[in-house]
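Hey, can you work out the whole structure from these sequences and the hints?
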Amino acid sequence: MTTATPRVIVPSAAAKGEFFQVKTIISHEMETGLRHDDQGNVIPRKIINRFVCRYNQSVVFSVDLHEAISANPFFEFSLRATESGRLDFVWEEDGGAVYTLSHRLTVG
Amino acid sequence: MMSLTRRDVLIAGSAGFAGVALLSPQSARANDEALDLVEQFTGRTATVSDRLHLIMPTYFPTGYTVPMSLYIDSPMTEADHVRQMRVFAPRNPLIEVASFHFVPQRSLPRVSTRIRLAKPQHVIAVAEMNDGNLLMTTTWVRVATDGCA
Numbered sequence: 001m002t003t004a005t006p007r008v009i010v011p012s013a014a015a016k017g018e019f020f021q022v023k024t025i026i027s028h029e030m031e032t033g034l035r036h037d038d039q040g041n042v043i044p045r046k047i048i049n050r051f052v053c054r055y056n057q058s059v060v061f062s063v064d065l066h067e068a069i070s071a072n073p074f075f076e077f078s079l080r081a082t083e084s085g086r087l088d089f090v091w092e093e094d095g096g097a098v099y100t101l102s103h104r105l106t107v108g
Numbered sequence: 109m110m111s112l113t114r115r116d117v118l119i120a121g122s123a124g125f126a127g128v129a130l131l132s133p134q135s136a137r138a139n140d141e142a143l144d145l146v147e148q149f150t151g152r153t154a155t156v157s158d159r160l161h162l163i164m165p166t167y168f169p170t171g172y173t174v175p176m177s178l179y180i181d182s183p184m185t186e187a188d189h190v191r192q193m194r195v196f197a198p199r200n201p202l203i204e205v206a207s208f209h210f211v212p213q214r215s216l217p218r219v220s221t222r223i224r225l226a227k228p229q230h231v232i233a234v235a236e237m238n239d240g241n242l243l244m245t246t247t248w249v250r251v252a253t254d255g256c257a
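Protein sequence lines, in the order shown, are assigned to chains L and G. Just so you know, we're using this note's numbering here: the first sequence kicks off at 1 and counts up by one. Just so you know, we're using this note's numbering here: the second sequence kicks off at 109 and counts up by one.
Everything labelled a hint here was simulated from the structure, so no lab data went into it. There may be inaccurate statements among the hints.
[To be verified] Derived CB-CB ranges, DEER-like:
no.	chain 1	residue 1	chain 2	residue 2	range
1	L	S78	G	N238	15 to 21 Å
2	G	D140	L	D37	37 to 43 Å
3	L	V107	G	H161	28 to 34 Å
4	G	P198	L	S78	27 to 33 Å
5	G	P175	L	S27	17 to 23 Å
Note that CB positions come from ideal geometry on N, CA and C, so glycine has one too.
As structure tokens, then:
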């Protein structure tokens, strides 16, 4: 199993009041808990179950993920540029592991 | 001068029927089934709405990564916005797909991702508006391979 590695594509600058596009992806098997190994044992569920995007501490977009989200969960969404600051991206995995990325955004 | 014979009417009628059947197999029944399923999951009755758009390919070769885009026509003001949009795949072994949460003034009410589908089915999207109304739409997707195996 590969290590979960998150990536985001976000512009570094945006015009105040305009929407900018965010693309996020994390490498992850999204093991559903429905599969069996060669010995017939159930492979335990291990998915990213939640994704949160904060903009200067405020949650601006989030997702509750279930088993039917494909491996390497990808989301594309759009946010309004309100002020310069920091975007924080958090992926939460079954079992409590958390993967994060942050990004500086300049709003002019 | 044009006059409709019984034969013309019959031909027009059957052509229209065939057209509808081709466009969306069993769409009226599909909507009823979808409304029932939404009620099971939310405890509330949804309304079929053309404000909500669930864009997926009608055919996709693999069920593992079916592209999905979802959006709703909404001003996203404090007074009128969508709180969350949920997606269900009724023919998957696990029906819930995802819930997407949006914030008025801050996020556009649209998202794209990729999902797993076990078999051909009507995928369901439900939007929960800030006034508590539930809006629903469905789209037919045929996949060639089981994405949940």
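To see whether the hints hold, each was checked on the structure:
no.: 1; hint: L:S78 x G:N238: 15 to 21 Å; in the structure: holds (19 Å)
no.: 2; hint: G:D140 x L:D37: 37 to 43 Å; in the structure: holds (40 Å)
no.: 3; hint: L:V107 x G:H161: 28 to 34 Å; in the structure: holds (29 Å)
no.: 4; hint: G:P198 x L:S78: 27 to 33 Å; in the structure: holds (29 Å)
no.: 5; hint: G:P175 x L:S27: 17 to 23 Å; in the structure: holds (19 Å)
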